Amino acid sequence: KVAIKGIERELICPACKELFTHPLILPCQHNVCHKCVKEILFAFEDSFADGGSESSNQSSPRIRISASSMDRIDRINRSGIKRNSLTPRSTLFPCPGCQRDIDLGERGINGLFRNFTLETIVERYRQAARAAIAIMCDFCKPPPQESTKSCMDCSASYCNECFKIHHPWGTVKAQHEYVGPTTNFRPKILMCPEHEMERVNMYCEICRRPVCHLCKLGGGHANHRVTTMSTAYKTLKEKLSKDIEYLISKESQVKAHITQLDLLLKETECNSERAKQEASQSFEKLYHVLEEKKSAALRAIETSKNIRLEKLQTQVEEYQGLLENNGLVGYAQEVLKETDPSCFVQTAKQLHVRIQKATESLKSFRPAAETTFEDFVVDTAKQEDILGDLSFHSNGLEIPEISEEQSRMYNKALICWECPGKTDPADIYVLEYHKLNREDESVTWQKTEVCGKSKVLSDLDDDSSYAFRVRGYKGSICSPWSREVILRTPPAPVFSFLFDDKCGYNNEHLQLNPRRTSVESRAGFPLLLGSERLQVGCYTTLDYIIGDTGIAKGKHFWAFHVEAYSYLVKVGVVPSNKIQKLFHNTHDVTSPRYEQDSGHDSGSEDAFFDSSQPCTLVTLGMKKFFIPATPAAPKDPASRILPLPSCLGICLDCDRGRVGFYDAGRMKCLYECEVDCSGIMYPAFALMGGAAVHLEEAVTAKYREYHDDI
Numbered sequence: 001k002v003a004i005k006g007i008e009r010e011l012i013c014p015a016c017k018e019l020f021t022h023p024l025i026l027p028c029q030h031n032v033c034h035k036c037v038k039e040i041l042f043a044f045e046d047s048f049a050d051g052g053s054e055s056s057n058q059s060s061p062r063i064r065i066s067a068s069s070m071d072r073i074d075r076i077n078r079s080g081i082k083r084n085s086l087t088p089r090s091t092l093f094p095c096p097g098c099q100r101d102i103d104l105g106e107r108g109i110n111g112l113f114r115n116f117t118l119e120t121i122v123e124r125y126r127q128a129a130r131a132a133i134a135i136m137c138d139f140c141k142p143p144p145q146e147s148t149k150s151c152m153d154c155s156a157s158y159c160n161e162c163f164k165i166h167h168p169w170g171t172v173k174a175q176h177e178y179v180g181p182t183t184n185f186r187p188k189i190l191m192c193p194e195h196e197m198e199r200v201n202m203y204c205e206i207c208r209r210p211v212c213h214l215c216k217l218g219g220g221h222a223n224h225r226v227t228t229m230s231t232a233y234k235t236l237k238e239k240l241s242k243d244i245e246y247l248i249s250k251e252s253q254v255k256a257h258i259t260q261l262d263l264l265l266k267e268t269e270c271n272s273e274r275a276k277q278e279a280s281q282s283f284e285k286l287y288h289v290l291e292e293k294k295s296a297a298l299r300a301i302e303t304s305k306n307i308r309l310e311k312l313q314t315q316v317e318e319y320q321g322l323l324e325n326n327g328l329v330g331y332a333q334e335v336l337k338e339t340d341p342s343c344f345v346q347t348a349k350q351l352h353v354r355i356q357k358a359t360e361s362l363k364s365f366r367p368a369a370e371t372t373f374e375d376f377v378v379d380t381a382k383q384e385d386i387l388g389d390l391s392f393h394s395n396g397l398e399i400p401e402i403s404e405e406q407s408r409m410y411n412k413a414l415i416c417w418e419c420p421g422k423t424d425p426a427d428i429y430v431l432e433y434h435k436l437n438r439e440d441e442s443v444t445w446q447k448t449e450v451c452g453k454s455k456v457l458s459d460l461d462d463d464s465s466y467a468f469r470v471r472g473y474k475g476s477i478c479s480p481w482s483r484e485v486i487l488r489t490p491p492a493p494v495f496s497f498l499f500d501d502k503c504g505y506n507n508e509h510l511q512l513n514p515r516r517t518s519v520e521s522r523a524g525f526p527l528l529l530g531s532e533r534l535q536v537g538c539y540t541t542l543d544y545i546i547g548d549t550g551i552a553k554g555k556h557f558w559a560f561h562v563e564a565y566s567y568l569v570k571v572g573v574v575p576s577n578k579i580q581k582l583f584h585n586t587h588d589v590t591s592p593r594y595e596q597d598s599g600h601d602s603g604s605e606d607a608f609f610d611s612s613q614p615c616t617l618v619t620l621g622m623k624k625f626f627i628p629a630t631p632a633a634p635k636d637p638a639s640r641i642l643p644l645p646s647c648l649g650i651c652l653d654c655d656r657g658r659v660g661f662y663d664a665g666r667m668k669c670l671y672e673c674e675v676d677c678s679g680i681m682y683p684a685f686a687l688m689g690g691a692a693v694h695l696e697e698a699v700t701a702k703y704r705e706y707h708d709d710i
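Residue numbers (our numbering): 1 to 710.
Worth double-checking, as some hints may not be accurate.
Listed next, with one range per pair, are the computed distances between beta-carbon atoms [said to hold, decoys possible]:
1) Val443 to Thr359: 35 to 41 Å
2) Ala296 to Lys447: 33 to 39 Å
3) Leu670 to Thr380: 28 to 34 Å
4) Glu269 to Glu302: 32 to 38 Å
5) Leu19 to Ala467: 43 to 49 Å
6) Tyr567 to Arg515: 34 to 40 Å
7) His34 to Lys255: 43 to 49 Å
8) Asp548 to Asp461: 38 to 44 Å
Derived lysine-lysine pairs resembling DSBU-like cross-links, with alpha carbons at most 30 Å apart [to be verified]:
9) Lys635 to Lys623
10) Lys668 to Lys555
11) Lys266 to Lys294
12) Lys553 to Lys435
13) Lys266 to Lys337
14) Lys349 to Lys337
15) Lys435 to Lys412
16) Lys363 to Lys349
Hints are computed from structural coordinates only; laboratory data are not their basis. A quick note: this is a predicted structure, and the numbers were derived from the prediction, not measured. Built from N, CA and C at the ideal position, the CB exists for glycine as well.
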C-alpha cells in the first residue's frame with residue numbers, strides 16, 4: 001500500500017495546477033497533462049500566425065489557454081524564434097516545470113511517452129480521496145449497479161452479473177486480466193511512439209527513455225548507448241530503492257531540519273515585525289521633521305502676510321484722508337475757517353508740512369509692501385532626490401567599485417565594476433550616468449538595471465565626458481553609491497578596418513593573424529642582410545602595411561595597441577595617390593646625420609626629411625612616443641619624448657585637413673598637425689625590428705561575456 005496523503009505536490013500538473021490527466025513525459029523528464037501540452041502548442045502556433053511567420057491550421061480547435069500558461073507563451077513570443085519551410089519542422093515546447101524551451105522533435109506531441117505509472121498513482125489518490133464514491137457498471141441497464149471489477153483488456157468496469165455475461169467460461173474473454181474497480185486503463189504493452197507497431201524493449205541511457213529495436217538500428221538512437229529493458233528496470237529500481245532507503249534512514253535528520261526551519265519561520269516573522277517597527281519609527285521621525293518645517297514655514301508666511309497687510313491698510317487710510325471732507329483734507333478745510341491770525345499760524349505750520357508730504361506721495365506712488373511671496377518658495381529638489389534614493393542600507397552589502405582599467409570607451413561604452421569584499425554579491429546593480437556639461441546646472445542621471453557586473457552603453461555622444469556610478473541591490477537592501485568615475489568618449493565616430501594583406505604587404509618581414517587585426521615584425525635574418533651597410537650609411541628600410549578601407553570625408557577615430565617590446569613603429573595616414581611611393585621609398589628611416597662620423601649637426605635635414613615623406617607619421621618605440629620636430633614643437637629633444645600610452649588613437653578630420661594622435665585610454669590629444677586630404681586617406685603603419693601592433697576590438701553587447709569565456 002502507498003501512503004497517499006502528503007504526496008499531492010507530486011501529482012499536480014505545473015501547467016493547469018490540477019491533478020494529472022493522461023500525463024506525458026517531456027524530454028526534460030517533467031510531466032505535463034496531455035490536454036495542457038496541446039493547449040500550449042496550439043497557442044504557440046497561433047502566435048506564429050499572428051506574427052505572420054506561418055499560418056496556423058484553421059481546422060484546429062481554438063482552446064482557451066489557462067492563465068498559468070500565458071506567461072510562458074508570451075516569453076516564447078518575445079524570444080523571436082522563427083521557422084521557415086526549408087528547415088526541418090521541429091516543435092518547441094515551453095516547459096512549465098523547468099521554464100526552458102524543449103525541442104520535441106519532428107513528431108512533436110506524438111513522440112512523447114504517456115506516464116502510466118504516474119497515472120496509476122493519481123488514480124489511487126483519487127480513489128482514496130473519494131472512497132465513498134463507487135464506480136458504476138458500464139453495461140447495466142438503468143439504474144446501473146456498483147461495479148466489482150474492471151477488465152484491463154476491455155477497458156471497462158462490470159458488476160458480477162455483467163462480467164459473467166461478457167466473459168463467459170470457455171471463451172477467449174475469460175482469459176482477460178481483471179482488477180478491482182478503476183477508471184485508469186492502460187495498455188499491457190508499451191508501444192514505441194516513433195514506430196507504432198513496435199514494442200519498446202530497450203532503454204536509451206543517453207536520452208533516458210525507452211526505445212524499440214528500430215530506433216537503435218536506424219533511428220535517432222543509432223549511436224546511443226542502450227541497455228535491455230529488464231536490465232534498466234533492475235538497475236533503476238535498485239537505485240530508486242537505495243535512494244528511498246537512504247532518505248528513510250535520515251528521517252530523524254530531516255525532522256531536525258524541519259524543526260529548525262519552523263524556528264527560522266517564527267524568527268523571520270518576529271524579525272520582520274521588528275524591522276517594520278524600526279522603519280515606521282524612521283519615517284515617523286521624517287514626518288515629524290517635515291511637520292515642524294511645514295509649521296515654521298507657514299508661520300513665517302502668516303507673519304509676513306500680517307505685517308504687509310498692516311502696512312497696506314495704513315497706507316489706504318492715509319490716502320483716504322486725502323479725500324474731500326475726509327481725514328487730513330477735511331481737517332485742513334476746518335483750519336482755513338480760523339480767523340484769528342495767531343491761532344491760524346500756530347496750527348497751519350504743522351498742517352502745511354503734512355499736506356506737503358501727502359502731495360509728494362501722490363507724485364511718486366509706491367505700495368507700502370510687496371504682494372508677492374517669492375522669498376518664501378521652498379526649494380525641495382535636493383531633498384526629493386535624497387528621498388528618491390531612500391532605501392535600506394546594509395553593512396553586509398559591499399560598495400561596488402568601477403574599474404577604470406577594465407572599462408572602455410570606444411564605438412560603445414563598456415563599464416565594468418567589482419566588489420572588493422568577499423561578502424555575498426548583489427542580486428542586481430543599478431548603473432547611473434550623465435553627461436558633464438558646464439552650462440547645465442541641474443544634473444539628470446540616466447539609470448539602467450544590470451544583472452551582471454558590466455554594461456554596454458550605446459547612446460553616448462562623441463567627444464564628451466560622462467560621470468558613472470553604480471550601486472548594488474539585494475532584495476530591498478541596497479549599498480551606497482560607488483565613487484563617481486569620469487570617462488571620455490572618442491573625439492569622433494569609430495572607424496573600423498582590417499590590415500590589408502594584398503597592397504604592398506611584405507609577408508617575409510611581417511606576419512598577420514588570421515583575423516587581420518594584428519601585425520608583427522620579426523627581427524630575423526632578412527634584417528641582418530639589410531644592415532650590411534651599417535658602417536657606411538646606416539640606411540635601414542621600414543616594412544609598411546595599410547588598412548583595407550579608406551576615408552574620403554568626415555571625421556573618424558581608430559585605436560590600437562603597440563607592444564611594449566617594439567623597437568620602432570610609425571603610425572599615421574597616407575593618401576591613395578602616394579601609396580605606391582610609400583612602398584617604393586626604400587631610404588625612409590635613418591639619416592646619415594646620426595652617424596658618429598658624419599659631421600652633420602644641424603636641423604636642416606629634418607625639414608628635408610619631413611617634406612620628402614609620402615605620408616604623415618609619428619614615431620613610437622622603446623616604450624616612448626616621439627613628438628615630431630616642427631617649428632611649434634619644443635626645441636629641447638627631451639621634452640618631445642613622452643611615455644608610450646597603453647592604447648593609442650588617431651583622429652582624422654578630412655573636412656578640416658587635420659590629424660591628431662591620442663592617448664586612447666584618457667582620450668587626450670598628444671600631437672596634432674595638418675594633413676593633405678585631397679585623396680582617399682588610409683591608416684598607415686610601419687614596423688622595423690621586433691614590433692607588433694594590435695587593432696582595438698570593437699565593443700559589442702556580448703563583449704564581456706566573450707572575453708570571460710576565453
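Structure-based check of all given hints:
{"no.": "1", "hint": "Val443 to Thr359: 35 to 41 Å", "result": "56 Å, violated"}
{"no.": "2", "hint": "Ala296 to Lys447: 33 to 39 Å", "result": "34 Å, holds"}
{"no.": "3", "hint": "Leu670 to Thr380: 28 to 34 Å", "result": "47 Å, violated"}
{"no.": "4", "hint": "Glu269 to Glu302: 32 to 38 Å", "result": "48 Å, violated"}
{"no.": "5", "hint": "Leu19 to Ala467: 43 to 49 Å", "result": "58 Å, violated"}
{"no.": "6", "hint": "Tyr567 to Arg515: 34 to 40 Å", "result": "25 Å, violated"}
{"no.": "7", "hint": "His34 to Lys255: 43 to 49 Å", "result": "38 Å, violated"}
{"no.": "8", "hint": "Asp548 to Asp461: 38 to 44 Å", "result": "29 Å, violated"}
{"no.": "9", "hint": "Lys635 to Lys623", "result": "22 Å, holds"}
{"no.": "10", "hint": "Lys668 to Lys555", "result": "17 Å, holds"}
{"no.": "11", "hint": "Lys266 to Lys294", "result": "41 Å, violated"}
{"no.": "12", "hint": "Lys553 to Lys435", "result": "28 Å, holds"}
{"no.": "13", "hint": "Lys266 to Lys337", "result": "99 Å, violated"}
{"no.": "14", "hint": "Lys349 to Lys337", "result": "15 Å, holds"}
{"no.": "15", "hint": "Lys435 to Lys412", "result": "15 Å, holds"}
{"no.": "16", "hint": "Lys363 to Lys349", "result": "22 Å, holds"}
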